[in-house]
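Visitor: In case you want the letters, here they are:
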Amino acid sequence: MSTDSVVDAIIVGSGPSAVNAAYPLVEAGLTVRMLDVGNRDSKYAGLIPDGQFSELRRTDPDQHRYFLGDELEGIGFGHTGAGAQLTPPRQYVCKDTERLQPIASESFFPLQSLAEGGLGGAWGAGSPPFSAADLAGFPIALEDLQPHYEVVADRIGVSGTRDDLMPFLGPTFALQPPVEVDSNGEGILRRYATQRGVLNKAGMFLGHPRIAMLSREHRGRLANRYWDMDFWSDAGKSVYRPKWTLDELKTFASFSIVSRRLVRSFEERDDGEVVVTAANVDGSGTELHRARSLVLAAGTLGSTRIVLRSMGHVDRRVPIVCNPHSYAALLNLNTLGQGVRDERHSMAQFCLVHAPDGHTRPFTVGHFYSYRSLLLFRLIRDTPLPVRESLTIMRHLSPSLGALILQHRDTPSPTKYCSLGAGEDAPLEIEYSLSASEQRRIDDVEAEITRGLRRLRCIKLKTMRPGHAASVHYAGTLPMSATDVELTTSRDGRLHRTKRVYVADGSVFPSLPSKGLTFTMMANADRIGCHVRSTLRA
Amino acid sequence: MVATSRHRTEPIAASHDAAVLHREAVWFARYLVDAVPSDALIERYVRADARVLQDAPTARDEAVLAFVHRHPWSVGLLDAGTAFMRGAPLLRKKLVVMMAVLEATPDHIAVTAPVEDAGMARLVWRLGRAGAKAAVKLVVGSALCALVVRR
Ligand SMILES: Cc1cc2nc3c(=O)[nH]c(=O)nc-3n(C[C@H](O)[C@H](O)[C@H](O)COP(=O)(O)OP(=O)(O)OC[C@H]3O[C@@H](n4cnc5c(N)ncnc54)[C@H](O)[C@@H]3O)c2cc1C
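Protein chains in written order, with the working numbering: chain D, 1078 to 1615; chain G, 267 to 417.
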């Protein structure tokens, strides 16, 4: 089958990068067709009543359906890697990926998505912009991104404030006031206020995180209601999901979305068209879609697959980077035994920066999450004590428990690469390992952070390293490069050796600083969308 | 009660037998929250056990579970005795599954929800008591576990 009309742009994917690349094109009246597999949650959204987490636990007899899952998929053993943190209502985001996006690896087990909204349907909404130091090695500068940070911050709604983290998180742009910190986080921030001098001297800074979560009503979405249900439900739409932007895009006449399509490859024709081959995932056969330009935003691994297949690069290695990731389970002595407020949001309560060399040199960023909004059996499962006593202990300690999630920076190396084998359904083969010096740097940074945490009266109970791919921050496969090298992209996201094919997701980041990449990826996608818009108009 | 010989010779798949799982649900809930679970919770445990615990049990798991089936009073001790074992013993997994079932219902919320304002003195007392109980159980349970596994 061949679809008849030629559109201005085809966008592959509907995740954070895709919807933000599409926006400037659609807004300008250009015809945009989005091709996406588009899996959805057809079960849980309608099951979860409005209300506070603690109240639902006390009153809802059907809570087991969403807390444990209809297939009991919320009770898992042994799996601690990427995706282990997904609650049953969020697990649809990775449905079908094992079958349709196979990976072969001994060392790297990534989470991929074929969902409407992509992994953005489950993300933690941490949105720290990159600073000038974070962009070292990129062929673009902070000034190139800054206007797009502004636009995207307004589009998705980011809350935060000016505090000690300003030098690390960059100037304030269209920010909403910060969301409230919970009792657990407040206790640590109060202690920080008394220890600021010593901690800052040691290079440790605390402050409000930048989160794509509303503290004020915005674009038809509600301010967070502090129901502590953000891991389970999107009621009120306070936390940003790409679906909210997709819903806005659908109101434009020039925008269309074709779901249930798995894009396989593209081809540039001499007549100036790009032809995209897509398979219908519910049937057999393929169809062709034609456009004046193509924007790949299928997630780093998805876009890389499409590029390698389209350009005939069998077994050709491309680099990959991913933030090494660890969780420190913390007991906060500042609030032990004290009353806590039920009204809270579930996302990061504060952000920690470890920057012994100041903000112009690489630094490490962590986010603190309280252990609320989840059932205790997950903690009990990992505690080497009899289950009954473990229950007693966890019931008393959990209001003061939390996890500091650290993302360490990552740069390409010969031991981190992926390649695509021959054949239509060949898996993406990935090898990833850290060098001894990289691991040593991580250990040293974590040891220093642990010392700082002690001064904050936070005791580290355990460090968990859930595996190489567990940060779910994948990048660097088709890096932006100032020189025209095959399998790299220009500073405007155009795939070198093509005329009209662009890449707008994490693939184009040459390296990853110690921060979630998604907000910057969305800003960069907007930037690339603006560039495509001007080339199409020209 | 299930006969010893049967458990010595039959694979643990037999423990997916609904009647056995029903009994387990009752023993485990009594151990964990001092209460008899409703029929709905028992059914949920039976379903969860079948869905979540599909790995083949080891000989050690078989021995421990067979002992629990014969002597339900031993659940707590064997739970403690297996707490430090590598590879998450089946009994512990089953208890965690039951714990999840008991947590995700309003029925037992009074004994499963976080205690939010115990005050420091009460907190220290309760944690100390739980810690001491756990320590005694670990010692006795490890000895019992060694016996059960060796038999
Ligand atoms: C639990 C969790 C928490 C996270 N928290 C944070 C955080 O706090 N901060 C942060 O910065 N990042 C976070 N992330 C990472 C973030 O979700 C990803 O970086 C982001 O979603 C990537 O966006 P993307 O648009 O590039 O790709 P994806 O979100 O992976 O979306 C890919 C899209 O492409 C489509 N697609 C893929 N292949 C094809 C194909 N061949 N044909 C058609 N369509 C295709 C999919 O259907 C999907 O719509 C988190 C992720 C998870 C899972």
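What the hints contain is simulated information worked out from the structure, not anything from laboratory work. Ideal Cβ positions, reconstructed from N, Cα and C, are used throughout, including at glycine. Any given hint could be a false lead.
Unchecked claim - In silico BS3-like pairs for lysine-lysine, Cα to Cα no more than 27 Å straight-line:
1. D/Lys1120 with D/Lys1320
2. D/Lys1278 with D/Lys1120
3. D/Lys1278 with D/Lys1327
4. G/Lys399 with D/Lys1537
5. G/Lys399 with D/Lys1576
6. D/Lys1327 with D/Lys1314
To be verified - These stretches of chain G come out as covered by chain D in the derived footprint (C-beta under 8 Å, 3 or more residues):
7. 283–290
8. 304–318
9. 322–336
10. 341–351
11. 399–413
Visitor: A separate judgement is required for each hint: does it hold in the structure or not?
Guide: Evaluation of the provided hints:
At most 27 Å may separate the alpha-carbon atoms for a hinted pair to count; D/Lys1120 and D/Lys1320 meet this at roughly 17 Å. At roughly 51 Å between alpha-carbon atoms, D/Lys1278 and D/Lys1120 are farther apart than 27 Å, so this suggested pair is violated. A hinted pair counts as satisfied when its Cα atoms are at most 27 Å apart, and D/Lys1278 with D/Lys1327 does not qualify at roughly 51 Å. A distance of roughly 24 Å separates the Cα atoms of G/Lys399 and D/Lys1537; the hinted pair therefore holds under the 27 Å criterion.
The suggested pairing of G/Lys399 with D/Lys1576 is violated, with an alpha-carbon distance near 71 Å, which exceeds 27 Å. For the proposed pair D/Lys1327 and D/Lys1314, the alpha carbon gap of about 17 Å is at most 27 Å, so the pair holds. Against chain D, the stretch 283–290 of chain G contributes 0 residues with a C-beta closer than 8 Å to a partner C-beta. That does not satisfy the three-residue criterion, and the hint is violated. Restraint check on the stretch 304–318 of chain G versus chain D: 5 residues with Cβ-Cβ distances below 8 Å, three needed, restraint holds.
With a threshold of 8 Å between beta carbons, the proposed coverage of the stretch 322–336 of chain G by chain D is violated, since 0 of its residues qualify and at least three are required. Counting residues of the stretch 341–351 of chain G whose CB lies closer than 8 Å to any CB of chain D gives 5, so the stated coverage by that chain holds, three being the minimum. Given as covered by chain D, the stretch 399–413 of chain G passes the check, having 5 residues with a CB less than 8 Å from a CB of that chain where 3 are the minimum.
Checked against the numbered hints given earlier, the structure breaks hints 2, 3, 5, 7, 9 and satisfies all the rest.
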